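Undergrad: Go ahead and model the full structure; you've got the sequences and the hints to work with.
Quick note on this note's numbering: the sequence shown kicks off at 2 and runs consecutively.
I should point out that these hints are in silico values taken from the structure, not numbers from a laboratory.
One or more hints might be untrue.
Okay, the calculated beta carbon distance ranges per label pair [what the hints assert, rightly or not]:
no., residue 1, residue 2, range
1, Ala-146, Gln-51, 28 to 36 Å
2, Ser-13, Pro-260, 31 to 39 Å
3, Gln-225, Gln-277, 30 to 38 Å
4, Glu-29, Arg-279, 16 to 24 Å
5, Gly-262, Pro-42, 14 to 22 Å
6, Asp-47, His-114, 23 to 31 Å
7, Glu-272, Glu-40, 20 to 28 Å
8, Ala-253, Pro-207, 37 to 45 Å
9, Gln-51, Ala-25, 18 to 26 Å
10, Gly-181, Gln-127, 17 to 25 Å
11, Asn-231, Glu-29, 13 to 21 Å
12, Thr-243, Glu-29, 44 to 52 Å
13, Asp-47, Lys-274, 25 to 33 Å
In silico EDC-like links for lysine to aspartate or glutamate, alpha-carbon gap of 16 Å or less [said to hold, decoys possible]:
no., residue 1, residue 2
14, Lys-223, Glu-246
15, Lys-74, Glu-269
16, Lys-18, Glu-103
17, Lys-96, Glu-246
18, Lys-74, Asp-47
19, Lys-74, Glu-29
20, Lys-223, Asp-187
21, Lys-147, Glu-269
22, Lys-149, Glu-269
23, Lys-238, Glu-208
As the structure is a computational prediction, the values presented were derived from the model and not from experiment.
The C-beta atom is built at its ideal place from N, Cα and C for all residues, glycine as well.
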Amino acid sequence: MLYAVCNPAAASGHARKTGEMIHAMLNERGIIHRMLWTEGPGHATDLSRQAALDGAETILSIGGDGTALEVAKGLLGTNCALGVIPAGTGNDFIKTLALPREPAAALDFILSHPARPTDIGEINGQIFLNEIGTGFDVSVLDHAAKAKKYVRGILPYFYGVVRTLFRFHSIPLTYSADGGEPVATDAFVVGAANGGVIGGGIVIAPEAKADDGLLDVVIVGKIQGRRLLNRLIGLMKGNILTFPETTHFRAASVSFSVPGGRINVDGEIVEMKTVQARILPGALLIHR
Numbered sequence: 002m003l004y005a006v007c008n009p010a011a012a013s014g015h016a017r018k019t020g021e022m023i024h025a026m027l028n029e030r031g032i033i034h035r036m037l038w039t040e041g042p043g044h045a046t047d048l049s050r051q052a053a054l055d056g057a058e059t060i061l062s063i064g065g066d067g068t069a070l071e072v073a074k075g076l077l078g079t080n081c082a083l084g085v086i087p088a089g090t091g092n093d094f095i096k097t098l099a100l101p102r103e104p105a106a107a108l109d110f111i112l113s114h115p116a117r118p119t120d121i122g123e124i125n126g127q128i129f130l131n132e133i134g135t136g137f138d139v140s141v142l143d144h145a146a147k148a149k150k151y152v153r154g155i156l157p158y159f160y161g162v163v164r165t166l167f168r169f170h171s172i173p174l175t176y177s178a179d180g181g182e183p184v185a186t187d188a189f190v191v192g193a194a195n196g197g198v199i200g201g202g203i204v205i206a207p208e209a210k211a212d213d214g215l216l217d218v219v220i221v222g223k224i225q226g227r228r229l230l231n232r233l234i235g236l237m238k239g240n241i242l243t244f245p246e247t248t249h250f251r252a253a254s255v256s257f258s259v260p261g262g263r264i265n266v267d268g269e270i271v272e273m274k275t276v277q278a279r280i281l282p283g284a285l286l287i288h289r
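TA: Written as structure tokens, this is what we have:
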């Protein structure tokens with residue numbers, strides 16, 4: 002049986018209309034389903050876990066990346082599949098999976114494509130779908146959160162990038178990959194990615210794949226002030242791996258620590274003094 006979990010608060014409340022539209026489309030096609038509405042943070046996980054226990058074969062996540070992550074948490078360890086209906090602000094994870102960006106097209110895709118094993122990440126015991134990072138992107142999210150009250154889509158993130166560009170400085174970083182020797186450096190951007198896109202369209206890891214069993218780790222070192230604008234343009238064009246300041250490698254696990262310990266986990270800021278991240282190959286079924 003098909004279930005749909007909708008976060009009506011996503012995209013400043015616009016996701017409710019998307020949920021109602023998907024509900025109507027399923028009714029028009031005579032597809033038996035149950036529509037579930039979240040009431041607050043974490044509720045999507047509880048609803049999804051119970052739906053999986055009740056025999057759901059697929060659960061549609063109607064919302065943004067945060068909603069998809071909450072649903073995924075409820076499905077971990079089950080045979081129930083995730084179908085992503087993008088209705089949030091950034092909708093970044095679907096870009097790595099090359100899924101339709103329009104909700105109606107996404108529903109058609111899910112109904113016509115079987116679920117396949119897909120990698121997910123784990124950070125300090127909790128899962129993530131897309132990317133974890135710190136540095137520049139954390140500052141961007143701080144500013145974007147304020148702008149979301151006034152504008153939608155990629156504009157809050159663009160605002161965040163511009164504000165951060167002239168205020169952010171590199172941070173001291175110590176990292177280790179696959180249990181190797183620790184490396185100390187100064188970093189402007191730190192990312193460990195299962196998916197390649199963050200911040201509503203910033204390509205942080207152009208070569209990331211969600212089915213290769215590895216994290217793409219991208220570290221951009223200290224950038225001289227006169228080069229910041231050029232690097233920003235290159236970042237928006239997806240050229241981050243061409244920067245002379247960039248270190249890129251793939252690993253099954255990575256650990257790092259930074260002062261302050263504020264980590265971006267799929268678009269949410271989490272306080273963590275040290276990070277232990279690893280890939281969980283094929284741990285989640287996703288229609289893709």
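Undergrad: The structure should be examined with respect to each hint, and the outcome stated for every one.
TA: Tested hints:
1. Separated by about 30 Å at the C-beta atoms, Ala-146 and Gln-51 satisfy the suggested range of 28 to 36 Å.
2. For Ser-13 and Pro-260, the Cβ-Cβ distance of about 33 Å falls inside the hinted range of 31 to 39 Å, so the restraint holds.
3. With their beta carbons about 32 Å apart, Gln-225 and Gln-277 fall inside the hinted range of 30 to 38 Å.
4. Range check, Glu-29 to Arg-279: Cβ separation about 43 Å, and the 16 to 24 Å hint is violated.
5. Between Gly-262 and Pro-42 the Cβ separation comes to about 21 Å, which falls inside the hinted range of 14 to 22 Å.
6. For the pair Asp-47 and His-114, the beta carbons lie near 27 Å from each other, so the given range of 23 to 31 Å is met.
7. Distance hint check: the CB atoms of Glu-272 and Glu-40 are about 25 Å apart, consistent with the given range 20 to 28 Å.
8. Take Ala-253 and Pro-207: their Cβ atoms lie about 20 Å apart, and the range 37 to 45 Å is violated.
9. Taking 18 to 26 Å as the suggested C-beta distance range, the pair Gln-51 and Ala-25 conforms, at roughly 24 Å.
10. Our hint of 17 to 25 Å for Gly-181 and Gln-127 holds, since their Cβ atoms are close to 24 Å apart.
11. At about 51 Å, the CB distance of Asn-231 to Glu-29 disagrees with the hint of 13 to 21 Å.
12. The given range of 44 to 52 Å is respected by Thr-243 and Glu-29, whose C-beta atoms sit roughly 48 Å from each other.
13. Range check, Asp-47 to Lys-274: Cβ separation about 28 Å, and the 25 to 33 Å hint holds.
14. Restraint check for Lys-223 and Glu-246: satisfied, since their Cα atoms lie roughly 7 Å apart, inside the 16 Å limit.
15. For the suggested pair Lys-74 and Glu-269, the alpha carbons sit about 15 Å apart, so the restraint of at most 16 Å is met.
16. Restraint check for Lys-18 and Glu-103: satisfied, since their Cα atoms lie roughly 13 Å apart, inside the 16 Å limit.
17. For the suggested pair Lys-96 and Glu-246, the alpha carbons sit about 26 Å apart, so the restraint of at most 16 Å is broken.
18. For the suggested pair Lys-74 and Asp-47, the alpha carbons sit about 9 Å apart, so the restraint of at most 16 Å is met.
19. A distance of roughly 30 Å separates the Cα atoms of Lys-74 and Glu-29; the hinted pair therefore is violated under the 16 Å criterion.
20. A distance of roughly 6 Å separates the Cα atoms of Lys-223 and Asp-187; the hinted pair therefore holds under the 16 Å criterion.
21. A threshold of 16 Å between alpha carbons decides the hint, and for Lys-147 with Glu-269 the separation of about 14 Å falls inside it, so the pair holds.
22. Distance check on the hinted pair: Lys-149 and Glu-269 sit about 14 Å apart at the alpha-carbon level, within 16 Å; holds.
23. For the hint linking Lys-238 to Glu-208, the alpha-carbon distance of about 14 Å falls within 16 Å, and the restraint holds.
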